[in-house]
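Protein sequences appear in the order of chains Z and L.
Just so it is clear: in the first sequence, position 35 is 35 by the working numbering, and no numbers are missing.
Just so it is clear: in the second sequence, position 2 is 2 by the working numbering, and no numbers are missing.
Treat the hints as calculated values from the structure; they're not laboratory data.
For clarity, every value in this text was computed on a predicted model and none was experimentally measured.
Wrong hints could be hidden among the right ones.
[Stated by the list, open to error] Straight line, CA to CA, 25 Å or less: simulated SDA-like cross-link-like pairs of lysine to any residue:
hint	chain 1	residue 1	chain 2	residue 2
1	L	Lys144	Z	Tyr31
2	Z	Lys121	L	Lys144
3	L	Lys13	L	Gly24
In case you want the letters, here they are:
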Amino acid sequence: MKIYIANKIFPEGISFWSIFWRKTLSRSGEYCGRISGINFSEGSLVGINLLYGTKKIWLGLDCVQTLEISGKKSALILNIDPVYLMEGKRVYDSDGRKLGRVIRVIQKGPHNDFDFILVKKGFFSKPISFKKELVQVMKKNIILRDSISV
Amino acid sequence: MEKIITSDDILGKEAIDPEGEYLGIVMKLHIDREKKILLGITVDQGFMKPDLYVGLDYIERFGIDAVLINKIPMEKYIGLRVYDASGGYCGVIQELEERDGRLEKICVRVKLAEGGKRQSAEKSLIKIPIRDIAEIGYSILLKKSNYLEFSSVPELEER
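My request is simple: use the sequences and hints to build the entire structure.
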């Protein structure tokens with residue numbers, strides 16, 4: 001049994017306060033939110049809670065690349081590109097037609113995958129759903145595989 | 001889609017790179033006076049940013065609402081934040097080094113001395129070869145952890 005008292009730097013593990021409110025980045029370096037909490041199960045760390053805007057997100061520990069924290073400005077890097085980051089992105093079809101923005105991502109259960117995206121062009125327009133198979137590029141914005149006539 | 005389009009169908013449209021990022025608005029068309037062919041377009045990238053000339057070879061398609069470009073302009077990388085594999089913040093890209101149109105090295109402005117005050121921190125420019133980069137996206141992620149602590153940081157230049 002080890003006890004360290006009044007040491008500035010504890011030799012083992014990381015403290016909650018060293019990762020609290022730390023920035024998280026996706027695999028492609030996109031901002032994913034800030035760490036608002038951590039989850040334990042039977043004495044071991046199982047996940048982290050993120051706050052992305054007003055959204056609360058729970059991520060399993062397998063989504064985290066490393067929990068190593070080095071400097072003040074350092075970030076936690078995930079090994080996934082979370083699907084919730086697609087919300088708000090612009091959607092174009094293969095002909096360069098602007099279809100609108102993603103308003104909702106229909107997630108596949110608890111997995112980092114999706115079945116559909118709901119896209120809306122204007123405030124009063126009806127949302128259109130697009131299957132995952134139609135998506136060709138899903139990086140900074142979304143480009144679809146086919147030409148879509150709305 | 002119609003095969004023949006007019007300048008009105010191009011000018012004022014958004015320019016989109018292969019990752020779907022919005023580059024700006026198409027502002028000008030460049031036409032060869034003698035050969036009478038279109039050479040390229042100029043994209044207005046917005047306030048305080050230089051205009052971007054895109055040659056016809058780099059245009060994928062003149063779309064209905066947007067012009068699709070098939071190459072990411074390297075200038076977009078300037079100003080991106082650089083993190084090492086463990087999430088440590090390294091600095092911001094200040095310059096790029098390219099050869100034959102290919103990105104070779106990124107020059108990152110880093111703070112070497114961890115000073116309490118900003119003035120005391122020594123700022124330097126380090127060059128990171130493209131082989132040490134794991135991901136280029138919204139930020140640059142490196143392959144190695146604690147990149148700045150390694151003695152093998154290439155070509156350290158003091159400014």
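Going through the earlier hints one by one, which of them does the structure break, listed in rising order? Result: hint 2 breaks, nothing else.
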